[in-house]
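From first to last, the protein sequence lines are chains X and F.
Going by my numbering, the first sequence opens with residue 1, and the numbers climb by one from there.
Going by my numbering, the second sequence opens with residue 1001, and the numbers climb by one from there.
If you're looking for bench data, these hints aren't it; they were derived computationally from the structure.
Keep in mind that a hint or two might mislead.
In the EDC-like style, the derived pairs of lysine to aspartate or glutamate whose C-alpha atoms are separated by at most 16 Å in a straight line are [claimed, not checked]:
hint: 1; chain 1: X; residue 1: 38; chain 2: X; residue 2: 67
hint: 2; chain 1: F; residue 1: 1479; chain 2: X; residue 2: 88
hint: 3; chain 1: F; residue 1: 1479; chain 2: X; residue 2: 116
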Amino acid sequence: MDVRERRWLYVLIGVFVVFNAVTLSPLVPWQRWLLWAKPTPDQTVRIEFGDYEIRLPAEGIEVRVGEYIEFVTTSADVTYGLGVFRQDGTMVFQMQVPPGRENHLIWKFDEPGLYDVRSTEYSGPRHSEMFVPDAIRVSS
Amino acid sequence: MTQLGWTQKWTLRFAVVALLFLAAAGFEGSLMRTQLAAPNLVAGMEAALNTIRPTKTEPTSAELYYGMLTVHPIMGVYGFVYMAVMGAFYFLVPHLLGKEIRFKKLVPVNFALQIIGVVVCWLSGFFGLFNAMYTLYWPLPVSFDRVPVWGSVAFAVGAAIIMVNILLFSYNTFSTVLSKSNPRSYSLWQFLRAAFGISRLMKWLGKEDKNAPNLDYNGLPVFLVAVARGSIDTVINAVVLLSAGALILIYGIAALLNSPLDPSAVDALIYKNWYWWGLDMVADGNALIYTAGVWYLLIPLLTGRKLFGANVVKTVIMVDLLVSMGVWSHHLLGDTSQPMWMRLLSGQFITWGEFFTMGLTIFAALMTVWLARPVKWTPALKFAIGSMFGFMMGGIAGLIQANVGLNVVFHNTQWVVGLHAHTFLLTGVGTMLFAVIYALLPMLTQLEVKSKRLVNVHFWFWMVGNVVMAYSMGMAGSKGMARRTLYESNQYQTYEMVAWLGGLVVAIGFLAFLVNVIHTLGLTNVLGLFLPEKWLNRRGALAQA
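All chains should be modelled from the sequences, with the hints used to inform the complete structure.
Structure below.
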């Protein structure tokens, strides 16, 4: 291997190490609970998907800032996606909801307010209708 | 134009049809972008086209949008890219080997079947309103309350034709390459050992397999090694997609016979793993390996200098093949049911293998150009360098989303489809294919492109338009805009408008290219590739009269 190639390879290795170390570290806030700590959820929220509907708990979803919330999702027919969005449309998090399994994800909200829920996986021509405004209320 | 040989004619035919598919895919893209930017603007056209659709009820705007979105990548990937690759390889492989294609009769068969397969898929979306997306996540393609059964069956048949055709093409390529590489007879097992680099490893260990073809040491040009290795991915892709298509076809036929099968008999997550393992052999397999091979061929040819680091490059191609076998989980990072170790290992770390292979590939190509200074900036060289920029831009976006942490906010957003997929396909692969066309045109026809100014218009409009389109889609994605979603609100309209304008700039660049090529070859010669000579002579006589 030519010395110039070797030096370039070292640069590539450096970028690989730094990028992965940073993005796997707690510097990415949600990595703290998704990857490193396994916190006990303060609340479990079950959401069912089926027939183009997002079925939230009858009592609504009310959580507090800083609580660990476990979202448990299931699908009765095809693959959907659970996407939680801020009021300005930016995404907080999302997960896939394939049928035949319970899908789990823990999240901790850091800002109070109302959050929308949208299915983030295409499920058929009526997919765009799967939007629930103000589905999650987060209080301080 | 000099009299074209048989191979040259077929290569040009493949290229012309590939460009037609690109134009059609681009038109579809502009329609969908229009619908996202201004929802009612295409209503008149929809109503007009509905008059020729034999459906009982008038399809909704969403059904039309998602039907078009489903077949759009088939047009782009299997219509444009594969047609162009087949045409280029059918000329380059025998040309570099100094011998004929092994099975010449398969060339027109490949040409016809690829067109038929892509058109059948397209018709399944246009008439059949098949809308399960190219991802075909189980059980959506067989959920006949959402996806029309006839559309599903037609799509599966079209996809099967394409995949069988690709297998025939790969067989012809393998046969042509290896019949020269090693005149001795060898078994399939020996060939597979060579293709996966095991024979090379054995040689390092002092145990050379003398009876097997050796892709690295039998004096084959690096390009041909890349073609052979990339074709392994091509075959795997075709076999896996064929199996998925067969499954959909079985469910479709059963439904048509009023004996519906239970979709839950197939595990959605296992199917998704199998399907993405095969599908990713295109995006993260042959696309990268073929592209690397083309750069390794073109750059020394265009600069007049031997490729820098040829030995490292051969290792890179082999590693790329192995990497491509293990990266599929980056499409399942949003699936929390997928074990975390698989998401981390296959989804994130092995994906970074491509950063090394493509990083070393681009470095070798750029070093060759650098050491060859001063170089003549021919159209082909400009586009070859441009395609490297496309791969870097699309690759960086890909590495950001193929990350267990960052994927939480990027998965299924416009970021993925804009900054990664479209950049990879248009700015990367598309630009590389233009470099090949510019390089092959004089080799095939003995003609130089007529207008250097139009080449520059093509280059800058194509590159800038694609970057503008990709960045505006990427920014919309970072603001939360989901992909495969037809929004009813105007939330992301500004980004969509800018993306639409970017697409318009791309189209102007592409038109400049078409005008230049037709002007160079002559319209009669282009038509002569497809029409009998006597028809053209009669037209000419009529025009003179």
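Going down the list of hints, with the structure as the test:
1. As the CA atoms of residue 38 of chain X and residue 67 of chain X are separated by approximately 13 Å, the hinted pair is consistent with the 16 Å bound.
2. Straight-line distance between C-alpha atoms of residue 1479 of chain F and residue 88 of chain X comes to about 8 Å, which keeps the hinted pair within the 16 Å bound.
3. For the hint pairing residue 1479 of chain F with residue 116 of chain X, the CA-to-CA distance comes to about 14 Å; that is within 16 Å, so the pair holds.
Hint check: no violations occur; every hint is consistent with the structure.
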